[in-house]
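So the mapping is simple: our numbering equals the position in the sequence shown, first residue as 1, plus 2.
Note that these hints are calculated values from the structure, not bench results.
Some hints could be false.
[Said to hold, decoys possible] Using 35 Å as the maximum straight-line C-alpha spacing, the simulated DSBU-like pairs for lysine-lysine come out as follows: (1) Lys-112 - Lys-128; (2) Lys-104 - Lys-131; (3) Lys-112 - Lys-124; (4) Lys-112 - Lys-131.
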Amino acid sequence: MKKMKLGNTFLIILITVIFIIGYAFFIKTSYFHRLSSWVETNRLSFIVYLLVWKIVATVWPPLTGGLVTLGSIPLIGWEAAYFVDFSGSLIAGVIDYHLGRKYGLWILNKLFDESVVRKIQKVKVKENKEIETVFLYRLFLGMSLLEGVYYSAGFLRITFRNFLIGAALSHIAIGVPTFYFIRSVFDTKNIIFTVVLLVIGIPIIYLLRKRHFEF
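Could you put the whole structure together from the sequences, leaning on the hints where they help?
Spelled out as structure tokens, the structure:
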């Protein structure tokens, strides 16, 4: 089981690295300059398209929204790209939460494989720790299973207010450093500093896990 988890994590990291490297090469081509010119004259339309894509991709798991918004950083800047990702993620999160709350296991079984559903069913939220649970749950699984986090929050009957606060705070905590880091990769600036922050922060978050989850 641990080997499978490590394999999935490695695959996600590998895909992300390949995407970043490939996109870095794409930026130097004439095709990117054409796309950039179009975005300059149609910035609002482009942002709306991104937002809609992010929402749809977060509601329907087979699609991916995160890499698309990350890829928009060289076109609209990391701040605007992050704002789109944040807004789309929360809007979709509200939809996912209510669908998970209303349809429960039925919709979980439709969207996720059996092992994921079993894992969700085993999660028990400690009293008075709903915000922290959503926060950490989103940090641990958000990269590979963001939709699962949102749907399961509704299924587990976490208070909507606490879900929204936890989801928003966790998105800021992981999203801002990630988008800034990717901007740095494209600009070849401040990479070492950002990596150091991530290396220090991730183990600390991991060590806090058992305080908020019971399996």
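These are the hints, each one checked on the structure:
Proximity of Lys-112 to Lys-128 is assessed by CA-CA distance (about 27 Å); at most 35 Å being required, the pair is judged to hold. Simply put, Lys-104 and Lys-131 have alpha-carbon atoms about 22 Å apart, close enough for the 35 Å limit, and the pair holds. For a cut-off of 35 Å, the pair hint linking Lys-112 to Lys-124 stands: about 18 Å separates their Cα positions. Between Lys-112 and Lys-131 the CA atoms are separated by roughly 29 Å; this keeps the pair inside 35 Å, and the hint holds.
Consistency note: the structure conflicts with none of the earlier hints.
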